[in-house]
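Throw the hints in and build the complete structure from the sequences for me.
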Amino acid sequence: MDIKQLKFLIALDQTRHFGQAAALCHITQPTLSMRLPNLEDELDLVLVKRGQRFQGFTDAGERSLAWARTLLAAHDGLQAEAASCRGQVVGSLRLGTVPLASFNPLHLLIALREEDPELHCHLNSLSSEKVIDALSRNQLDLGICYLDQVNTSFFEVIELGT
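Mapping to the working numbering: the sequence shown position 112 is 102, numbers consecutive.
Because the hints were derived from the structure by calculation, they are not lab data. Every residue, glycine too, gets a C-beta built ideally from N, C-alpha and C. Hints are not guaranteed to be accurate.
Only pairs whose alpha carbons sit at most 16 Å apart, straight line, appear in this in silico EDC-like list of lysine to aspartate or glutamate [claimed, not checked]:
id, residue 1, residue 2
1, K39, D49
2, K120, D66
3, K(-6), D66
4, K39, E52
5, K39, D3
6, K120, D138
7, K(-6), E30
8, K(-3), E71
9, K(-6), E32
10, K(-3), D66
11, K120, D131
Derived DEER-like restraints, expressed as beta-carbon distance ranges [to be verified]:
id, residue 1, residue 2, range
12, F144, P95, 37 to 45 Å
13, D138, T48, 46 to 54 Å
14, I(-7), D49, 17 to 25 Å
15, A73, E146, 36 to 44 Å
Here it is in structure tokens:
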């Protein structure tokens, strides 16, 4: 078993489609279709219900997915810790922002990327309500939005301007 197989399994869960999961992992669909049965053989479990198309996960597959996520998070954490020991910043920054004529976050993200090339930045243009919702569900790390919709007791707030 290797980390890539776990990533493939998680990608299949995210996309619910073999071809899209393969594209998400930057591999071909036949490669994905070969590697998942290898994982099943190693675990001696059927994880995926197969037909002409993806039909879902077996009960064992659902249980294995939880472990795959835990192992992948631990792997990513170890990689980040090792990079930190080397003085590097790695990982991802998920930023959600409302469209503002007076503020363009791209130049800041580009500067971050140049300083820390292993930091992957994801920018989402959302309404204030969706920024708050995504922050509260841990789908964003940082949000820029209008404060009239923010519960300031729940979030750390830094006012950028009036």
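These are the hints, each one checked on the structure:
1. K39 <-> D49: Given pair K39, D49 holds - Cα atoms ~10 Å apart, limit 16 Å.
2. K120 <-> D66: Roughly 27 Å between the alpha carbons, so the hint for K120 and D66 is violated.
3. K(-6) <-> D66: holds, 12 Å
4. K39 <-> E52: holds, 11 Å
5. K39 <-> D3: holds, 12 Å
6. K120 <-> D138: Measuring from Cα to Cα gives roughly 13 Å; hence the hint holds.
7. K(-6) <-> E30: holds, 14 Å
8. K(-3) <-> E71: violated, 20 Å
9. K(-6) <-> E32: Answer holds: K(-6) to E32 is near 14 Å, not above 16 Å.
10. K(-3) <-> D66: Since the Cα atoms of K(-3) and D66 sit roughly 11 Å apart, the hinted pair holds (cutoff 16 Å).
11. K120 <-> D131: The hint holds at about 13 Å.
12. F144 <-> P95: 37 to 45 Å: Taking Cβ atoms as reference, F144 and P95 lie about 23 Å apart, which means the hint is violated.
13. D138 <-> T48: 46 to 54 Å: Given about 47 Å between the Cβ atoms, the range holds.
14. I(-7) <-> D49: 17 to 25 Å: holds, 24 Å
15. A73 <-> E146: 36 to 44 Å: violated, 25 Å
When each numbered hint is compared with the structure, violations occur for hints 2, 8, 12, 15.
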